[in-house]
Each structure stands twice: as C-alpha cells, then as structure tokens.
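**Q** Taken in order, these protein sequences are the chains called A and B.
Per the numbering used here, residue 209 is the first one in the first sequence, and the count goes up by one each step.
Per the numbering used here, residue 209 is the first one in the second sequence, and the count goes up by one each step.
These are computed hints drawn from the structure, not numbers from a lab.
One thing to keep in mind: the hints can contain errors.
Chain copies aren't distinguished; within one or between two, either way the pair holds.
What the hints assert, rightly or not - Mimicking DSS-like on lysine-lysine, the simulated pairs with C-alpha atoms at most 25 Å apart in a straight line are:
#1 Lys708 x Lys550
#2 Lys733 x Lys278
#3 Lys724 x Lys224
#4 Lys709 x Lys609
#5 Lys651 x Lys788
#6 Lys550 x Lys609
#7 Lys724 x Lys788
#8 Lys278 x Lys494
#9 Lys494 x Lys305
#10 Lys724 x Lys558
#11 Lys609 x Lys516
#12 Lys581 x Lys623
#13 Lys306 x Lys564
#14 Lys305 x Lys224
So you can see what is in the structure, the chains are spelled out below.
Protein chains: 2
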Amino acid sequence: MRSHYCGEVNETLEGKSVTVVGWMHRRRDHGGVIFIDLRDRDGLVQVVCNPEDAESFTTAERVRSEYVLKIEGNVQLRPAGSDNPDLKSGKIEIIAKKLEILNSAETPPFPLNELLDVSEDIRLRHRYIDLRRPEMQQRLRFRSQITRQLRNYLDDHGFLDIETPILTKATPEGARDYLVPSRTHPGEFFALPQSPQLFKQLLMMSGFDRYYQVVRCFRDEDLRADRQPEFTQVDIETSFVDEEEFMSLMEEMIRSLFANVLEQPLPNPFPRMTYAEAQQRYGSDKPDLRIPLELVDVSDLMQAVDFKVFSGPANDERGRVAALRVPGGNSLSRKEIDDYTKYVGIYGAKGLAYIKVNDLAAGRDGLQSPILKFLPDDVVEAIMQRVGAETGDLVFFGADKTSVVNESLGALRVKVGQDLDMVEHGWRPLWVVEFPMFEWDDKSERWHALHHPFTAPRESDVGLLETDPEKCLSRAYDMVLNGTELGGGSIRIHQTEIQKKVLELLGIGEEEAQDKFGFLLEALKYGCPPHGGLAFGLDRLVMLMTGSASIRDVMAFPKTQSASCLLTDAPSAIADQQLKELNIRLRKLPNAEAQ
Amino acid sequence: MRSHYCGEVNETLEGKSVTVVGWMHRRRDHGGVIFIDLRDRDGLVQVVCNPEDAESFTTAERVRSEYVLKIEGNVQLRPAGSDNPDLKSGKIEIIAKKLEILNSAETPPFPLNELLDVSEDIRLRHRYIDLRRPEMQQRLRFRSQITRQLRNYLDDHGFLDIETPILTKATPEGARDYLVPSRTHPGEFFALPQSPQLFKQLLMMSGFDRYYQVVRCFRDEDLRADRQPEFTQVDIETSFVDEEEFMSLMEEMIRSLFANVLEQPLPNPFPRMTYAEAQQRYGSDKPDLRIPLELVDVSDLMQAVDFKVFSGPANDERGRVAALRVPGGNSLSRKEIDDYTKYVGIYGAKGLAYIKVNDLAAGRDGLQSPILKFLPDDVVEAIMQRVGAETGDLVFFGADKTSVVNESLGALRVKVGQDLDMVEHGWRPLWVVEFPMFEWDDKSERWHALHHPFTAPRESDVGLLETDPEKCLSRAYDMVLNGTELGGGSIRIHQTEIQKKVLELLGIGEEEAQDKFGFLLEALKYGCPPHGGLAFGLDRLVMLMTGSASIRDVMAFPKTQSASCLLTDAPSAIADQQLKELNIRLRKLPNAEAQ
Numbered sequence: 209m210r211s212h213y214c215g216e217v218n219e220t221l222e223g224k225s226v227t228v229v230g231w232m233h234r235r236r237d238h239g240g241v242i243f244i245d246l247r248d249r250d251g252l253v254q255v256v257c258n259p260e261d262a263e264s265f266t267t268a269e270r271v272r273s274e275y276v277l278k279i280e281g282n283v284q285l286r287p288a289g290s291d292n293p294d295l296k297s298g299k300i301e302i303i304a305k306k307l308e309i310l311n312s313a314e315t316p317p318f319p320l321n322e323l324l325d326v327s328e329d330i331r332l333r334h335r336y337i338d339l340r341r342p343e344m345q346q347r348l349r350f351r352s353q354i355t356r357q358l359r360n361y362l363d364d365h366g367f368l369d370i371e372t373p374i375l376t377k378a379t380p381e382g383a384r385d386y387l388v389p390s391r392t393h394p395g396e397f398f399a400l401p402q403s404p405q406l407f408k409q410l411l412m413m414s415g416f417d418r419y420y421q422v423v424r425c426f427r428d429e430d431l432r433a434d435r436q437p438e439f440t441q442v443d444i445e446t447s448f449v450d451e452e453e454f455m456s457l458m459e460e461m462i463r464s465l466f467a468n469v470l471e472q473p474l475p476n477p478f479p480r481m482t483y484a485e486a487q488q489r490y491g492s493d494k495p496d497l498r499i500p501l502e503l504v505d506v507s508d509l510m511q512a513v514d515f516k517v518f519s520g521p522a523n524d525e526r527g528r529v530a531a532l533r534v535p536g537g538n539s540l541s542r543k544e545i546d547d548y549t550k551y552v553g554i555y556g557a558k559g560l561a562y563i564k565v566n567d568l569a570a571g572r573d574g575l576q577s578p579i580l581k582f583l584p585d586d587v588v589e590a591i592m593q594r595v596g597a598e599t600g601d602l603v604f605f606g607a608d609k610t611s612v613v614n615e616s617l618g619a620l621r622v623k624v625g626q627d628l629d630m631v632e633h634g635w636r637p638l639w640v641v642e643f644p645m646f647e648w649d650d651k652s653e654r655w656h657a658l659h660h661p662f663t664a665p666r667e668s669d670v671g672l673l674e675t676d677p678e679k680c681l682s683r684a685y686d687m688v689l690n691g692t693e694l695g696g697g698s699i700r701i702h703q704t705e706i707q708k709k710v711l712e713l714l715g716i717g718e719e720e721a722q723d724k725f726g727f728l729l730e731a732l733k734y735g736c737p738p739h740g741g742l743a744f745g746l747d748r749l750v751m752l753m754t755g756s757a758s759i760r761d762v763m764a765f766p767k768t769q770s771a772s773c774l775l776t777d778a779p780s781a782i783a784d785q786q787l788k789e790l791n792i793r794l795r796k797l798p799n800a801e802a803q
Numbered sequence: 209m210r211s212h213y214c215g216e217v218n219e220t221l222e223g224k225s226v227t228v229v230g231w232m233h234r235r236r237d238h239g240g241v242i243f244i245d246l247r248d249r250d251g252l253v254q255v256v257c258n259p260e261d262a263e264s265f266t267t268a269e270r271v272r273s274e275y276v277l278k279i280e281g282n283v284q285l286r287p288a289g290s291d292n293p294d295l296k297s298g299k300i301e302i303i304a305k306k307l308e309i310l311n312s313a314e315t316p317p318f319p320l321n322e323l324l325d326v327s328e329d330i331r332l333r334h335r336y337i338d339l340r341r342p343e344m345q346q347r348l349r350f351r352s353q354i355t356r357q358l359r360n361y362l363d364d365h366g367f368l369d370i371e372t373p374i375l376t377k378a379t380p381e382g383a384r385d386y387l388v389p390s391r392t393h394p395g396e397f398f399a400l401p402q403s404p405q406l407f408k409q410l411l412m413m414s415g416f417d418r419y420y421q422v423v424r425c426f427r428d429e430d431l432r433a434d435r436q437p438e439f440t441q442v443d444i445e446t447s448f449v450d451e452e453e454f455m456s457l458m459e460e461m462i463r464s465l466f467a468n469v470l471e472q473p474l475p476n477p478f479p480r481m482t483y484a485e486a487q488q489r490y491g492s493d494k495p496d497l498r499i500p501l502e503l504v505d506v507s508d509l510m511q512a513v514d515f516k517v518f519s520g521p522a523n524d525e526r527g528r529v530a531a532l533r534v535p536g537g538n539s540l541s542r543k544e545i546d547d548y549t550k551y552v553g554i555y556g557a558k559g560l561a562y563i564k565v566n567d568l569a570a571g572r573d574g575l576q577s578p579i580l581k582f583l584p585d586d587v588v589e590a591i592m593q594r595v596g597a598e599t600g601d602l603v604f605f606g607a608d609k610t611s612v613v614n615e616s617l618g619a620l621r622v623k624v625g626q627d628l629d630m631v632e633h634g635w636r637p638l639w640v641v642e643f644p645m646f647e648w649d650d651k652s653e654r655w656h657a658l659h660h661p662f663t664a665p666r667e668s669d670v671g672l673l674e675t676d677p678e679k680c681l682s683r684a685y686d687m688v689l690n691g692t693e694l695g696g697g698s699i700r701i702h703q704t705e706i707q708k709k710v711l712e713l714l715g716i717g718e719e720e721a722q723d724k725f726g727f728l729l730e731a732l733k734y735g736c737p738p739h740g741g742l743a744f745g746l747d748r749l750v751m752l753m754t755g756s757a758s759i760r761d762v763m764a765f766p767k768t769q770s771a772s773c774l775l776t777d778a779p780s781a782i783a784d785q786q787l788k789e790l791n792i793r794l795r796k797l798p799n800a801e802a803q
C-alpha cells in the first residue's frame, strides 16, 4: 500500500510522488491549512492539506488522533526556517493529493503525542497503545536486532539451533516449577522448564557438538525486583572444549554484538577475577566495575581492639571486618547516614559504623565518629593508611559474618556510588571464575551447589570432594557487565562417578536422583563427551543495551509483579468441565475466597 | 581439542598431523592391526593403530563401541584399492600416534553401526543414543538450516522477531488448551497458546508493521495421526498489505528456502486454485498434485437413473455423484477392491461402486460391474466419455452427501495413487484460495469458521454476512505442498462492526466474546490497520524437506501418541505440597487407580 515508510521520506525525494500509511500522530490547523504528522514504525512525516484540494481537505478535517490514514502526495522542501532537525524527514513535507481514512479511532486511553506520566498499570492494560510509543518501538526493534546478531554469530560458528521440550519433567534448578496437569495421565503433571539444562547436556551426549537455542524459561517465584515468570535465555552448549576456548568464543560473541549493534567497543580480552577476589574487593560475585569504590579488609587490625562488635568477627574464621572509603563522603548528613544504616539492614547488617575524615593531618582530632573511642590510635592510623583516606572522606565499616559483610557493604558500595554520581560511563565487562563448588546453608544445614549439581569441579580439586568440599573450586564462569550477571555457565561433569559423588554431597539420595534425573545418569554411561556451556539472560542483556529501567520495558507483553497479564486478564477461571478433564479440583472455590 | 571434524579429514591433508575426537563407531582387527572408525557429527574417519606404536595400540585394544576418543595422527592415503567411496574421508586414513580415552561406554541398548529394526519406544527411551545415528544428526542439522534460512529471509524483509507470552489466556482456536494453575491467583489458570494469533494482531495494532516468530504452540488433543502436543510455527503477520502482495512474499520465501537449502527449484509463481475447484477435482482442500487422478462430476448424468443410491445424491443440492478413473486399474483384484471399500468407509462412504473397463470398444459387454444393470446404455456411454475411460481402466464412484464423497474419494485418490506407484516425483506447491467463511456443522447445528473467527470476508462479500453466510467467501489462503498444508493464513478483520457480526454468526455471544477476547475487540477501536498473516508448520515443513516418515523424526525430544516422554518419564506425579501451593487437589489418587 505504501511507497515509503514515513521516516524514509526525505529531501532526496523532493518533487516525487509518494504514498505513506500510518497513524495520525498530531494535527495542527494553521492559517487555513491542516498539518498532519503521520507516524509509522520508522518515524514521523509532516503532511500538508491545503483547502484548494477540497476532497482531501474535507477528509482531513474529520481526522482525529490515531486514525489510520493512507496519504498520497508530492514531496517538497519545507519553507526556509521551518525545518525540524529532530526528524529524519524534518527537511521536507508531503503536499497531500489524496487522503484516505483506512480506519477511525476512539480517543486513546492516554495520548501518544505528549509526554505524560501514565501509570504502568494503564500502560500494560492498553499495551497495544503503549507499544506505539517511539521508545517502545525502538526497544523491541533493538531486541530483534540483538537476537538476530547473536543467532548469526552462533550459526556462523557451527552451533545448531535445536529445540527442546516446553512440556517436560520437573527440573532440578531449585526454584518452583510451573506445572501442567496431564489429561491423558490422570494425577500426573508436566513441568515448564526453568532451563533446558539437562536436554542440552543430552544433546552433547548425542554428538551434536555445538548447540544453541533462544528459549523461553519459566520460574514460579515470588517476583522480587525485576523478574518475570517467563523469560528468555540464549542457551549454549558445546563438546570437547575447555574453559579458555569456550569463554573466548563467548566473549567474542558479546564483543561483536556491541560492536555491530551499538557500535561500541568492549575490552579485549575481558578482565577475569576470581570469586574470592570479587567478594573481597566488591562484596559481590557480580561487581559493577564502573563504581570506583572498594571494600578493604581490616580484620587483622581489629583482632586486638576492645570493641567486641569488631574484634568478634575479626577473630572468627567465618567473620570479616571491612572498610569502604567514600571519597568526599564527609559531606553526608546524619539523615543520609541513617538511611544507609537502614539500607544495609536489609542485608542483615546490625549497624553501620563510620568515620568522617574532617582533617587527616590533625590526626585523631580531625576524625569524627561514634566508634572512635573504641579504637586505639595505632589502629585508627593503620586503618586510615590502609584505606588511603584523605581529608573530606568518609569510611564505612562492616563487621559480621563474612557473607553479611560482603552483601551489605557490597550493596552499599553500589548505592553510595549511584547516589554520589560516581558511576563511570561505559561498559565494564568481566568474567568471574573459580567459584566454590558448594556453599554451606545454615538453615537447611546442607551443602548447596553454588551453580548447579552438574557443574564440574576443577580437575585438581576432585580429591577435595572427599576431604574438604568447601575448598573445592568449580569450573564455572559468569559473565558480568556493569554489575549485572549477563550469563553463567560451566564445564559439566561428564563422568558418572564424579556426578554421583557431587549429588551425594548435596544430600540428594540415590532414589531422589534416580527419580529426578535418572535419565541423565543413565545417559552418562554410554560415552559422554567432555562438554560445557553457558546461558545468557536475553531480557536483561537487551535492558542493559537499551538503557531501559526494567525488563518489562523490553518485552512486548510482560506480566505484573503478581504474575498476571493486565491486557488479557490471564490467569483466569476455567470451566468445571475442564477441571474434570484434567482430573483435578480446586481446593477452595475462588468465589468462597472473594466473599 | 580437535584440529578437524572427522568428516573434514581428506586427501588435501595428506602428510599432515591432525587431531580428531569422537565416538568409536566400528573396530576391526585385521592382520595384527586395529582399524577404528571414529565418528563425530560430520562423519567417519578411519584410524589405523599399528602394534609398533605400543602405547596407542595397547589403549586401542581396550576400546569398545561408543567410547569417546581423542586421536592424534598423520593423514595418509589409503593403500590402492581400499578407498571407501561412501565416505567423505574415504581416500585417507589416520595413522594413530596418540590415542586417549576421554570416556568409556557401556554397551549401548542398540548398536549404532548396524541397521537393525529397533522399536520406536526403545529409540525414544534412549533418545541420546538414537540421535547419534547419522540420519537423525542429518535431520536436525537440516532443521537448524531451514529455520535459519527462513529467519534470514524474514529479517531481510523488515520483519521483526517479537516474542509473545507462553503463559497466557485460553485461545479461541477451538482445540483443547493445556492449562497451568496459578499459585498467586488461587483457582485461576494460564493457558499455553495454540498460536499467538491474537498477540500478533495486537502487534499490528501497535504499529510494528511486520512481525515474525518461530514459536512453540500447544494443543491438548488426542493425538491422531502424526501430531505432537507441542509443535513449532513460523508465525508471520504484516500490516497494510493485500493478499497478492503478501502471498507473493511468502511464496518467494519458500522458493528461496528450497533453492538455498535443497538446491531444488519450485515453480514461479505457485499455481492457485479455489477451494471449490480443489474440492471438485481432488475432493480435498490440500490436493496432492503429484497424483494424476481426478474426481469427475457425474451428478447430472445420474439424476434420471433408476438406481436410488446414485439418483438420490444426484438430485440433492447437498449431494454429489463423482467418478474417479484409475488408468490400468482393471487389474485390481476383488480383494483389493474390497480393501478400498473398507478404506472409504473410514470417511463415511457406505459403499464403493466401480466399473472395470475390459474392452472399451465392445461397449456394455466390455464392461464389468455390479452396478451396470442399474444404468442405461446412454448413461454408461456418457460416463465413459466424460471420464475419458480407456481399455484397462477401472472407474470408482462415490455417491453421497458432497462432503462424504469429497472426503472418501479424495482419500481414495491418494491411496490408489500411492498403491499403484502413480505419484510423480518433485515438488507440487499451490495456493488454495477463496475459502468459504463458514461451514455448517450438522452436529452442533451452528456455523463454524473454516479458518478462525478473525478471518476477513472478501470485501465484495460483506453483504452476504447478512443475507447468505454460506456463500460468503473469505480472504484466507493456504499454502499446500504435495498434499500437505504447509501454512494457512488470511487477511484479518480490522473493523469492529464486521468482527462483531462474524462472532454473532458463529454463535459467540457478547458476553463470551468479551470474556474470551474482549481485549482484542477493545483494541480494534483505537485505530487498527488493515493486516494479515500466515503461520507455517515448521515440523511438517522439515519433515517434507527431509523426506522423513514422521514429525517425531525431525524433533529432538518428541512425545508418544499418549503425550508422554519416554526419556524423562514426563508427565509424572508431584508432591502433595506442590498441589497445595497450587490450590488444587487430585480428583482420584493415582494409586487408587493403579490398584
């Protein structure tokens, strides 16, 4: 129907006749002439309807916001001085010769031609209107480009796109599964996959050598932060490689993605950091390297002080005392420091000690702190020296179990960095490596897998599985970008004996293992190649690359925090007959609850 | 780990050292030397282990079927006369210098190096072994190429890959939905989509202009024939186009797919056939044009005969009498004809009349048939003439309601064509167009949508919605290849009034419409562009292109006819705690049933 997209019409078409279609974005009546901004996915173009052209002018008079129009006309340069440099088509206008209303429109629930503060609920309920906004168009278009770029890279590197089931067996990832009652097997259920982990490992055992899939995954979790019940992974697995080869392939993929889609270079190679160092310096396994603040260990300095809050953790093998110097931070108000104290409380910290450095040269007198009285001169001096304090700084302290110190100061580091505008521009990717295989969970009093139960231990650490599981490091690697985990993966276990040993350590008995993934254990017996892989979170990657505030902004039809779709009103009640066919009943009638 | 894939090692590498990895496919000990065929996804290569190389020879002696090996060695030409022309690597062999066992293997449940008749159940249960077979490798590799090719075409033509939800609202496609209980909304359920139909229409209303997605769809049907509970569609929608433009774009996509992947040309353009003609000539809306048999209408000739079986349908407006000439068919035995009679019974035919043409020149005496006595000379002669009978032929007859005649003779046409080896080679695509909007369903005594309720009527036929719905033709189109529907689609309704009228005709009341797709009706109000699209069945397309017998053979992890996965044992029982969280109970305990 069209000869050009609206955004494509520019001065090279001067004097030519064009046909454009789209939505009436804005209309102005000026000096007896009607100006229409017509919008399509490519942009806006200005159409001029003169009263001399009676038929199209009369039609134009009826046109309202969001009407769908087809307009034929001649391209001419705008009168001098009326160019719009914000538009690709800003140097020209189309003189309408024929204007056809393809469809009318009621007044939309919120206007598209003004920047208004519309609640997200309204946006989601009328998502088809919200998606017309140029920024949403741009984001989803960008997402399509990113996906394409990643696919092309993988296709070009010999990876095969292989589909795995969505109706499958409960996965061992640990989060809650979405379940689907089977009609043909009464009392039994499918699970929607949290990831195709086991299937991709089976594909390696099947000899496909290199696999990928852009695949939907599901988690029935309470949606904290910015999560969605369904999300998309770029899932990758390959055989006969070691970490080095695979990581450099993956990092090259991400580098070429940023170069091709954003035209922005990423470092080559990405820096690497061990899990231990990341925790030590940033209190996190996904450090945001754009923030120039670091945790500094001061446990050794605190061991002999009289202040139990510090000396306790300092002398505990599982404890830590760390400092976080904030340059220029002594301008923080009491109120701000109180707020940060509350903030670290979320992460289990019982308080937030600090020292303000009003005048470093003045020694103790130049410092200001409620805890100063507990610390002898030499300790204070050593701390100031070790953190590199300067006049005008503030130094925060965390003292607790190591995990609490890391989590709370790690989070504080990011928050303070953002609040004080310290976040550097640009992209700071890194690999985090040498994760422990296991972490001890105090609640369940069991070892948990830091990645998942199929992650291989380092070859040199296999012996530690027997003697000292806590020290056993894995062959896992996470790619981190600006404080976000872009993807995580590992070399997998390919030997039955090691797999059994790891499951045993995780407290997964033989019966449970057989029941949950007996097919994997069985498959391992028949010639499993060494293999490994990784999964990228596509939604989060697109969010980062588009600078969006939420993953909901890079999905066409996201769900709310309570996992419902405001547009379609899903989930919804179903007919009794359907329940019957599925051999289930409701525990309580929804009506009974509503009363 | 490797320098080359096994299949890549050829005579151009003569004298070079290579490293290959893979599975021990076959081993022969011959004249004190061990020959190993090593297999990877690219093919086989022959490795020679000489006793002079003591270490690798000793290792080779331990190697059994499906062991995973890494072999370093020198490439040399095979001794004269021992080339294997079946292998890409058939002119060379690798003289092993280093042989490493990367993993051992138990004896697989079925051998991979012999062609044995293994039941499909065993193959599915040990799918990871089955997928190692070169033909399965080839098929899935091919599938990956086909998907890539289709994506590239669509990407290059401005289509955006946009993801739509899997956890969504019950779709109005008509088959049974898979349902997912919501934990956070007790008593409510998500449905897995039978297609993203409504979402893709909403994307058009959102102004994305061109959309595609390679997307999983779900149907909880009893699996007749070759169906799967989850299947993959190449789903496409576009705005501001008419049938002509869109169909030519789609047919060009399929043509380029066959050209690029199979290097086989398809006709340009694809022939078109109306639904009426397809039913008339082939008794089917997806005629297999490779079969040179056609139904010939003889109703008019039968109206006056004394034989009620023929004259009844011939005089009934909804009846039909048709003939199917089978060249050379008079060699069919009584038994064969009886079998065909049973076969058409499946489609509701109450019998299968026939005339054998033993000697056309001999007139009535040259014919042989139980029904001959009911037909006067002039009618017999007219029939012979109309069907173009020749000596040696057999002519079948169908007389019944039109739908029964079409279905039974249509199916018979295909069966006889296959049985008598009449199926021509090559690809015979076509478009079937001008479908009726509605068909009357005798059982429910209602109009049903022949495509779906969002299919637009032809503009010239809109008036017929009021006056004569049966005559109203739609803007739907199906792409058919060799008797299989590759894809179906239509221009959609973009006007509220027409959509309401169609829903009304289909007996979908306002309340039901509001409940099921109120959001679509709402969205139609705000400036819906003219739009249309199509969905291809990817599994079936790959099946056709790979010449596979079943769609199960082109899926990595298919389910059985009873919708279960023999590999993972899904679906399976779940814990009481999970049921509780989902606010459901089982109607009967599975244990109670098992007893």
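**Q** Hint by hint, note whether the structure agrees.
**A** Status of each hint after checking the structure:
In this homomeric assembly, Lys708 and Lys550 never come within 25 Å of each other (Cα to Cα): the closest approach is 44 Å inside a single copy and 57 Å across copies. When the C-alpha separation of Lys733 and Lys278 is checked against a cutoff of 25 Å, the pair qualifies only between copies, where the shortest distance is 18 Å, while the shortest distance within a copy is 65 Å. With identical chains, the CA atoms of Lys724 and Lys224 are never at most 25 Å apart, being 67 Å at best within one copy and 47 Å at best between copies. When the C-alpha separation of Lys709 and Lys609 is checked against a cutoff of 25 Å, the pair qualifies neither within a copy, at 29 Å, nor between copies, at 69 Å.
In this assembly of identical chains, Lys651 and Lys788 lie within 25 Å of each other by CA distance solely across copies; the values are 23 Å between and 40 Å within a copy. Only within a single protomer do Lys550 and Lys609 lie at most 25 Å apart by alpha-carbon distance; the minimum there is 18 Å, versus 80 Å between protomers. Only between protomers do Lys724 and Lys788 lie at most 25 Å apart by alpha-carbon distance; the minimum there is 20 Å, versus 28 Å within a single protomer. In this homomeric assembly, Lys278 and Lys494 never come within 25 Å of each other (Cα to Cα): the closest approach is 51 Å inside a single copy and 36 Å across copies.
With identical chains, the CA atoms of Lys494 and Lys305 are never at most 25 Å apart, being 59 Å at best within one copy and 45 Å at best between copies. Proximity of Lys724 to Lys558 under the C-alpha cut-off of 25 Å is found in neither arrangement, the shortest distances being 40 Å within a copy and 52 Å between copies. In the homo-oligomer, the alpha carbons of Lys609 and Lys516 lie at most 25 Å apart inside one protomer (13 Å), although the nearest pairing across protomers, at 95 Å, exceeds that limit. Taking the closest pair of Cα atoms, Lys581 and Lys623 never come within 25 Å of each other, the shortest separation being 28 Å inside a single copy and 97 Å across copies.
With identical chains, the CA atoms of Lys306 and Lys564 are never at most 25 Å apart, being 73 Å at best within one copy and 66 Å at best between copies. Proximity of Lys305 and Lys224 under a CA criterion of 25 Å is satisfied intra-copy only: 12 Å inside one chain copy versus 73 Å between copies.
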